[in-house]
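Trainee: Chains A and B, in that order, give the protein sequences. Residue 50 in my numbering sits at position 50 of the first sequence, and the numbers go up by one each step. Residue 1192 in my numbering sits at position 192 of the second sequence, and the numbers go up by one each step.
These are computed hints drawn from the structure, not numbers from a lab. Some hints could be false.
Said to hold, decoys possible - Now the in silico label distances, taken between C-beta atoms and shown as ranges:
id: 1; chain 1: A; residue 1: S26; chain 2: B; residue 2: A1099; range: 33 to 41 Å
id: 2; chain 1: B; residue 1: R1011; chain 2: A; residue 2: R14; range: 42 to 50 Å
id: 3; chain 1: B; residue 1: E1191; chain 2: A; residue 2: A71; range: 27 to 35 Å
id: 4; chain 1: A; residue 1: R14; chain 2: B; residue 2: G1005; range: 33 to 41 Å
id: 5; chain 1: B; residue 1: A1099; chain 2: A; residue 2: S2; range: 47 to 55 Å
To be verified - Below, a list of computed lysine-lysine pairs in the DSS-like style, where the Cα atoms sit at most 27 Å apart:
id: 6; chain 1: A; residue 1: K48; chain 2: B; residue 2: K1033
id: 7; chain 1: B; residue 1: K1179; chain 2: B; residue 2: K1033
id: 8; chain 1: A; residue 1: K41; chain 2: B; residue 2: K1033
id: 9; chain 1: B; residue 1: K1179; chain 2: A; residue 2: K8
Quick reminder that beta carbons are idealized off the backbone N, C-alpha and C, glycines included.
As a plain string of letters, each chain reads:
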Amino acid sequence: MSETSDSKLQEFERRSREVLAAGAESLGADVRSRLTQARFKALEQLEKPASPAWIRALVPAGGLAAVALVAVMAWHGVTGRMDFGPTDSGRGDVLEVVAMADDYELLQDDVEFYQWLDSDPGVDAVADLAGAG
Amino acid sequence: MLRCGAFDRQRTQRESALDAARELERFLASVEKRAFKIAQIAIRDVDDALDIVQDSMMQLARRYADRPSEEWRPLFHRILQNRIRDCQRRRMVRSKVFAWLPGRQNADGEELGDPMDLAPSQDPGPGERMMMAGALDALETAVRRLPERQQQAFLLRNFEGLDVAETAAAMGCSEGSVKTHYFRAVQTLREALGEHW
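So here's chain A without its partners, still in its complex pose (with noise of 0.2 Å):
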């Protein structure tokens, strides 16, 4: 890539960083106050006593079942067994619901993050960036 150029990247990339950021600072009065609601009531988690270890392991279980139940239902759903109703698309947006289920998303925040954290040797650069950040 040549000079100009790189430079021409460069300015742009900073350029909409400042937009962005001027953009993020201009926030109306209302979202500001909001945002800052959301930040206590977040703090507030801290106060909190965490859930027992026996309803943490059940989480795993859960996300299991839910598995084991989409897995039964498509079965069914292939064999025809279940009857869905009259129409098709109804049984694709049950499947999707199930599956969308919050606890399974709260396993997938922890399980890759920490997989990552551990498999990528480049990874303690993280800490001393974002202590920087």
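The hints should help you fit chain B onto chain A, whose structure is shown.
Mentor: Chain B only, in chain A's frame:
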């Protein structure tokens, strides 16, 4: 003597909990506005974007407050991106459900579709767009048009200032993918906004 020791221990615990809460508050205050803009650009709805940011903050405080503070940023953005995706999926499911619900037809018997589509658009119309002079409006409009992954890579890298490794953690993909998405996003945006933007 013993009672004094227990009292001191309790006071130290209380103080360290207070310090941790203050640190988390500083962190949340430092990311909340940009997080809101990221969600708003992706979702195009102020209320939904605020809900997503609040939900992400609560999730971080509830589950990861005891993690080292340097891990908070990639974790928070990972949660934020998951919540944005959830919201987009819910909208998709809702539009499918409304599409086959009976009774959603106009006088001519035509399907009305998702009521969200009938709501006034927050995207500017052609006339209004022509009047947009501000660089921010032009940039936000162009960023909204990017494919989802390019939009995420651009906003996390350029706007939020995450490095490649942190962005990869937040997006749940490899560092190579982040570089590719970011490069394509910048190319598309420069083309869309033109030389004199």
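Trainee: With reference to the structure, classify each hint as holding or not holding.
Mentor: Checked hints:
no., hint, verdict
1, S26/A / A1099/B: 33 to 41 Å, "holds, 39 Å"
2, R1011/B / R14/A: 42 to 50 Å, "holds, 48 Å"
3, E1191/B / A71/A: 27 to 35 Å, "violated, 46 Å"
4, R14/A / G1005/B: 33 to 41 Å, "violated, 56 Å"
5, A1099/B / S2/A: 47 to 55 Å, "holds, 51 Å"
6, K48/A / K1033/B, "holds, 26 Å"
7, K1179/B / K1033/B, "holds, 25 Å"
8, K41/A / K1033/B, "holds, 16 Å"
9, K1179/B / K8/A, "holds, 18 Å"
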